[in-house]
Amino acid sequence: MSPEAAGLAHGTIRADHIWKRFRSDARRWSVSTQLNYWKARRQSGDEDFWRWALRDIGVHIEPGEAVGLVGPNGSGKSTLLKILSRVMHPYAGRVAVSGRVGALIEVKAGIHNELSGRENIYLYGSLLGLSRREVAQRFDQIIAFSELDDAIDRQVKFYSSGMQMRLGFSVAAHLDPDILLVDEVLAVGDASFQQRCHDRMREVLNQGTTLVLVSHDLAAVEATCNRCLLLVDGLLRGDGPIRDVLGEYREWIEEMAAGRQTVEAIVPLLKAIADDGERGSPRTDGPLEVRLVLDSAEAQKAMLFIGVSEGPATPIFVIRRNMTLASGESELVCRVRHMPLPRGRFHVWVGIYDASWRELLPWHPATFFDVIGNRLMKAPRGIVRLSPVQVTADWDESRR
Amino acid sequence: MTDILDHKTSPPPELLYRNRLNVRRDLRDLWGNRRLVRTLAERDIRASYKQSFFGFGWAIVTPLLTVLVFTIFFKRIGKINTGDIPYPLFAYVGLLPWSFFTSSVSSGSGSLIFNSTILNKVYCPREVFPVAAILVEAVDTVLATAVLGLLFLYYGTAPRLTSLWVPVLILVQLALTVGLTLAFSTAVVYVRDLKQVLGGILQMGLFLTPVAWGIRSVPGRWRAAYCAIDPLAAVIDGYRRVVLQGKAPAWNLLLPAAATSMVVLIAGYYIFRRLEGGIADVA
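Respectively, the protein sequence lines represent chains A and B. Using the working numbering, read the first sequence as starting at 1 and increasing by one per residue. Using the working numbering, read the second sequence as starting at 1 and increasing by one per residue.
To be clear, the hints were calculated from the coordinates, so they are not data collected in a lab. Careful: at least some of the hints might be erroneous.
Stated by the list, open to error - Label pairs and their in silico Cβ distance ranges:
1) B:N22 - A:A136: 33 to 43 Å
2) B:L194 - A:K157: 21 to 31 Å
3) B:P167 - A:R41: 45 to 55 Å
4) B:L27 - A:R132: 20 to 30 Å
5) B:V282 - A:P340: 46 to 56 Å
6) B:L194 - A:R41: 16 to 26 Å
7) B:T162 - A:R23: 53 to 63 Å
8) A:F305 - B:V282: 47 to 57 Å
9) A:A136 - B:R28: 21 to 31 Å
10) B:A267 - A:P241: 51 to 61 Å
11) B:V282 - A:R94: 17 to 27 Å
12) A:D244 - B:R192: 39 to 49 Å
13) A:S192 - B:V23: 45 to 55 Å
What the hints assert, rightly or not - In the DSBU-like style, the derived pairs of lysine-lysine whose C-alpha atoms are separated by at most 30 Å in a straight line are:
14) A:K301 - A:K271
15) A:K39 - B:K195
16) B:K195 - A:K157
17) B:K247 - B:K75
A quick note: this is a predicted structure, and the numbers were derived from the prediction, not measured. Built from N, CA and C at the ideal position, the CB exists for glycine as well.
Extracted from the complex, chain B is given alone in its bound form:
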């Protein structure tokens, strides 16, 4: 008893609590809490639109305005060649996945801080918060996709049959999004400055990624390496190829992008698990 009273005493090392990595258990846990994910997502959707006058309209108006700005600046001033595809359509197909990615990563990375009142009081697998944040952005993206339909109507064209490749591209994009969101959501709790850093990176990414311009502006021999560093470039190019140009994805670009995305997903999960244990101590 007396040695316990000494504040320098530590527990024996074999007793140290370890947060074990167990993908199967974590996935099962997450699935078991799907109702909670839905409730959280519903809450955020309702909270963000309830108090705004225009409601769900914002999910559509914001990307439309961005495309308008892109059209004026890049098309008219930057003289970007999109072949026979109307520029607004070209830009919008790039903008949709990009805005899903950025808004997911930025709102998902703040989700643990935002929900600290809950996770300090009730137990639940912490993944539910970033996952719910991504779900909210997914709903917004689905709404914004409606605008794509309007653009197709306006230009009198339709998505090509090769659009069946889209789910593959979505998988690659999701792996990247979830991985980054998981890593940042926990890291931000410890080092709040990361949120600002992340905001800056995402802002630059909009111009470094072929959202407003096409991947053909990158010299051919650099493209694969470029897509390995910025997987979204390959994903966005893929969307354009399958939806607008009627071609299969460029595998020489998509495969390195998919590899990077998987690495990010695994690393993100690992970082999340390692950092998650101490969140209640500092949040």
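Chain A extracted, bound-state conformation:
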């Protein structure tokens, strides 16, 4: 428990005006760089040698809250998590964290390579301030959850990365932390273990533990958390109900993607968003809404195709619309009432052609969405699924 946390209920996080910077010059400890650094510091200030990782972050989290932390790579998520877990000191600001913190920040959380899995569990326990007896009481539970029965007496350096993550998560989530911090590490586990991790996180939440979850799997964040923080470039860009912030984040991704858009087109696609119609993630058999903003120089007849794929250009299903493009900007909304996709990330491909199949907008991935729902049911052994899906849709056209 941090000294400032006296008087706060266990599971509370108070972080105000957090600033953190790192040295940006690579050869930090060579003598010449160091001399330059001191010279610059005396003359013009040392700002050029530093890079801000976090700038003026303020976060208050109450006990029992489930908070998602999202943002692009390098936005400072892990740094913030490390500061909240008190592993790292901020450059400026005040942090108060009350209670026992279980953290799974890198794959090998609190794990010592030379020791066996069993010894690691006890070591981690004493890092969290538990006695041997307290750890022993939870030992079987941890083994059962991590499914490491045969490997538990093997040295951890012989574990696969998946096994290390399983051990790390099991330990962190079973030693009764008041606060559980989970970084983007679950991705290392296989699908069924990831599922159980999320179940376990919900269980722990029901026991009143505070959860902070970092993930790029937005659907998983949405399914587990009710509040979300959005970090972009070291700044807190969003903090609020999960749907609103994830919506903002998706829009931000969209803007970034639009900025990088290199598709040469006669009819450019200005904006593409796919969600459940209310800025949330679509659910299996729930509505899917794709909103496109197009910019056509003239009014013309056209065929518009929307395809949904798992990534590659070959779609799972395609929806076609024969339409008349209005001149100028127009918005087009496509609603699928019962979207038949399982959980996962899917990409929306868009292409527009005129009557003689001339490309007005080439077939390209325009956006993506994450589906909340069940995993795909298994096909019989040795059977390859082609996923032919028939989808009906309602359409809506409006001039902008």
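Use these hints to put chain B onto chain A, whose structure you have.
Same frame as chain A, but now just chain B:
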């Protein structure tokens, strides 16, 4: 908001995070984590002996061999006069505190790097790592003390009653050991070369300190100054006086040594606290 977006903006100075020095709080923190210190020490003891065939025997064999070498080289060739005390006994009483000191400082100074996987992921007061390293060496030293008993039996003598002074000497020695270990454990994280430098200094120290020879080889008027620079000289001389010669420690040597040790302890703690804050950034 816009001025924050400028990368040159800095936080207002009154918000800067300071790692406050607070001895009472730190000691309480360390005490609260005594279980962790024990676990870490147990881990290291087990890790170092589990894979070796001879196990704990090494804690005894290594100093015995050193004494054998000392006896051959210093006693036979260097002709060191130890009075009526058998040379192996004389040398061993010097070697025990010396090897506790060197192995503590060298393994303790690497302890933060060695444990960087842990301290990058879970919070705990960082002192636990150097302290646990010193504890491991203390256990080794206790084991090696058993050999001292064998030597006493072999030469048909026993420790003198003045051995009751030993705890005082241990305190002086611990202050020096802990201070140096704390300072180096953090400094080494930033400048890795220090580890090599330290190794060299310790190696020379073995010969510059009266481990294999007696303090009487130092001219009388230099002795106090010498002990102020190398407190271990006074400590080792003290052990010999109280355990072997039945005399009280030489206070004119021990007091300057104790003063230096206290300064080292305080400076070490200060350096540790100042440098500890940035460890997770560079380790």
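Against the structure, the hints come out as follows:
One distance hint, 33 to 43 Å for the beta-carbon pair N22 (chain B) and A136 (chain A), holds here, with the actual separation near 35 Å. Distance hint for L194 (chain B) and K157 (chain A): a CB-CB separation of about 27 Å, consistent with the stated range 21 to 31 Å. Range check, P167 (chain B) to R41 (chain A): Cβ separation about 48 Å, and the 45 to 55 Å hint holds. Our hint of 20 to 30 Å for L27 (chain B) and R132 (chain A) holds, since their Cβ atoms are close to 24 Å apart.
A hinted range of 46 to 56 Å for the beta carbons of V282 (chain B) and P340 (chain A) is consistent with their spacing of about 51 Å. Between L194 (chain B) and R41 (chain A), the C-beta spacing of about 23 Å keeps the proposed range 16 to 26 Å intact. A C-beta distance of roughly 55 Å is found between T162 (chain B) and R23 (chain A), which places it inside the suggested range of 53 to 63 Å. The hint said 47 to 57 Å for the Cβ distance between F305 (chain A) and V282 (chain B), and at roughly 53 Å that hint holds.
Range check, A136 (chain A) to R28 (chain B): Cβ separation about 27 Å, and the 21 to 31 Å hint holds. In this structure, A267 (chain B) and P241 (chain A) meet the distance hint of 51 to 61 Å, their C-beta atoms being roughly 53 Å apart. Judged by the Cβ atoms, the range 17 to 27 Å given for V282 (chain B) and R94 (chain A) holds: they are separated by roughly 23 Å. At about 48 Å, the CB distance of D244 (chain A) to R192 (chain B) agrees with the hint of 39 to 49 Å.
For S192 (chain A) paired with V23 (chain B), a C-beta distance near 51 Å keeps the hint of 45 to 55 Å intact. Between the alpha carbons of K301 (chain A) and K271 (chain A) the distance comes to roughly 21 Å, so the proposed pair stays at or under 30 Å and holds. Using a Cα cut-off of 30 Å, the hinted pair K39 (chain A) and K195 (chain B) holds, with the two alpha carbons roughly 27 Å apart. With a CA separation close to 26 Å, the supplied pair K195 (chain B) and K157 (chain A) stays within the 30 Å bound.
Between K247 (chain B) and K75 (chain B) the alpha-carbon distance is near 24 Å, which keeps this suggested pair within the 30 Å criterion.
When held up to the earlier numbered hints, the structure conflicts with none and fits them all.
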